[in-house]
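Protein chains: 2
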Amino acid sequence: MEKRKRVEVCFTPGGYEYFKNDFDIVIVIDVLRATSAICAAFENGVNSIIPVPTIEEAKEYQKKGYLAGAERKGQIVEGFDFGNSPFSYMNPEFRGKDIVLTTTNGTKSLDVAKDAETVLVASFLNLDAICEWIIKQNKDVVCLCSGWQDNFNLEDTICAGAISDYLINTGKFYSTEDSSIAAKYLFQSAKKSHLGFIKSSSHRRRLKNLNLNKDVHYCLTPNQTKVIPILKNGKLVKL
Amino acid sequence: MEKRKRVEVCFTPGGYEYFKNDFDIVIVIDVLRATSAICAAFENGVNSIIPVPTIEEAKEYQKKGYLAGAERKGQIVEGFDFGNSPFSYMNPEFRGKDIVLTTTNGTKSLDVAKDAETVLVASFLNLDAICEWIIKQNKDVVCLCSGWQDNFNLEDTICAGAISDYLINTGKFYSTEDSSIAAKYLFQSAKKSHLGFIKSSSHRRRLKNLNLNKDVHYCLTPNQTKVIPILKNGKLVKL
Chain V
1 MEKRKRVEVC FTPGGYEYFK NDFDIVIVID VLRATSAICA AFENGVNSII PVPTIEEAKE
61 YQKKGYLAGA ERKGQIVEGF DFGNSPFSYM NPEFRGKDIV LTTTNGTKSL DVAKDAETVL
121 VASFLNLDAI CEWIIKQNKD VVCLCSGWQD NFNLEDTICA GAISDYLINT GKFYSTEDSS
181 IAAKYLFQSA KKSHLGFIKS SSHRRRLKNL NLNKDVHYCL TPNQTKVIPI LKNGKLVKL
Chain X
240 MEKRKRVEVC FTPGGYEYFK NDFDIVIVID VLRATSAICA AFENGVNSII PVPTIEEAKE
300 YQKKGYLAGA ERKGQIVEGF DFGNSPFSYM NPEFRGKDIV LTTTNGTKSL DVAKDAETVL
360 VASFLNLDAI CEWIIKQNKD VVCLCSGWQD NFNLEDTICA GAISDYLINT GKFYSTEDSS
420 IAAKYLFQSA KKSHLGFIKS SSHRRRLKNL NLNKDVHYCL TPNQTKVIPI LKNGKLVKL
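Protein sequence lines, in the order shown, are assigned to chains V and X.
First residue of the first sequence: 1, per the working numbering; consecutive thereafter.
First residue of the second sequence: 240, per the working numbering; consecutive thereafter.
Rather than coming from a laboratory, the hints here were simulated on the basis of the structure.
Watch out, some of these pointers could steer you wrong.
If you want a taste of the chain V side facing chain X, the calculated C-beta under 10 Å gives, among others [as the list claims (entries may be wrong)]:
| no. | residue |
| --- | --- |
| 1 | Phe87 |
| 2 | Asn91 |
| 3 | Gly147 |
| 4 | Phe152 |
| 5 | Leu154 |
| 6 | Glu155 |
| 7 | Asn169 |
| 8 | Thr170 |
| 9 | Asp178 |
| 10 | Ile181 |
| 11 | Ala182 |
| 12 | Tyr185 |
| 13 | Ser202 |
To be clear about the criterion: a stretch of chain X counts as covered by chain V if any three or more of its residues have a C-beta under 8 Å from a C-beta of chain V, and this derived list gives those stretches [claimed, not checked]:
| no. | segment |
| --- | --- |
| 14 | 253–261 |
| 15 | 416–422 |
Below, a list of computed lysine to aspartate or glutamate pairs in the EDC-like style, where the Cα atoms sit at most 20 Å apart [what the hints assert, rightly or not]:
| no. | chain 1 | residue 1 | chain 2 | residue 2 |
| --- | --- | --- | --- | --- |
| 16 | X | Lys259 | V | Asp150 |
| 17 | V | Lys20 | X | Asp389 |
| 18 | V | Lys3 | V | Asp165 |
| 19 | V | Lys191 | V | Asp128 |
These numbers were taken from a predicted model, which means no experiment stands behind them.
From the three backbone atoms N, C-alpha and C, an ideal C-beta is built for every residue, glycine too.
All chains should be built: construct the whole structure from the sequences, respecting the hints.
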């Protein structure tokens, strides 16, 4: 029998140090909204997305003529035309373009993960597609939740729990960390209604205050695309 | 109507910075096994426990004639007669004594919490007693889980979830953080069988390998004592 592979869940970018050297594949998750927006962008024909950690770097690219988006604390940063709303990326003018993006949490976790062998971007939008691809690789996987300012958040954890639940159910993967076991339990509790379970989530409440209910509903609806964004030489492209 | 008070859950000592300035009462939790051992010690008549962060400090006290315990990675440190097994503290010779203790995770969280107005020690053993006392105080509370080497662990989180569930059910407390909501859900999933739920927990597996099943069973059995250990001038005493 083939040896089973590990799938673990890391709750925050700050906790990634502990997992760093043990996994071939890192799956970066920022459900509300960076990795959902990235999936939506590729589904809609964007050529590449360059994630940058700072607003200053995004501005540099903007000066060079790139389309650049910037979000901080759920809002579009002044001087930019879009942030991390998935609906922004459905603009037909974005097709075939290279886009630069900086966000509060999502680009930070892409940055800490960047030296791994394979770095993928996941959200509820491409859940089954990413799991099916992972199963074929036969490698150890860690789901890296972006969290909220380096704190635990529910929506990323539940998405990571959904991925590990899917992989473990094949019989080809196992988890050992308490964080992974908790994520799987939280996903199982949430299964019947993603939106219902995390309606009390603090980040969702923040987005609600910003009138972004439409975004939240979209980001929590699984399997709207089969695209798998992958990090290649500092750029996200379609696998 | 009286304004409701907050009860939140912090998963690790490393995450405490975020909660630090907003809470009057900190409840330190290290179910396997430091805070369980501390509760057992006071139940059995110990006078005080001096928590120290390093083995060197514990040795200094030992030289001065104190009874001193030291645990690292689940085992008694060489040169010490006891570690953090609750059963060690049931020794009749410990009655009325002042004891020094250093442990892998538990004394670290006592150390980060030490400047709060009130610092209490909780475990499953004194669950109802601590909740009943808290309700009378009408103050904001944070449950600080000790975790495992600054990573999330299940048993501390479920104990914290039990405390917040108890407090919220009175109608006098509320939570806003995602970590607190997750802890409450995990506790509710675990309610029927503490031991069953965390049988897959990584720390429990570590203890099992050390033949400490009896300790684990004891530490997961709620309400065996009414003592509430409180930190006063660097010493834990009975409230």
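- Hints the structure fails to honour: As far as the earlier hints go, 1, 2, 7, 8 are violated by this structure, in ascending order.
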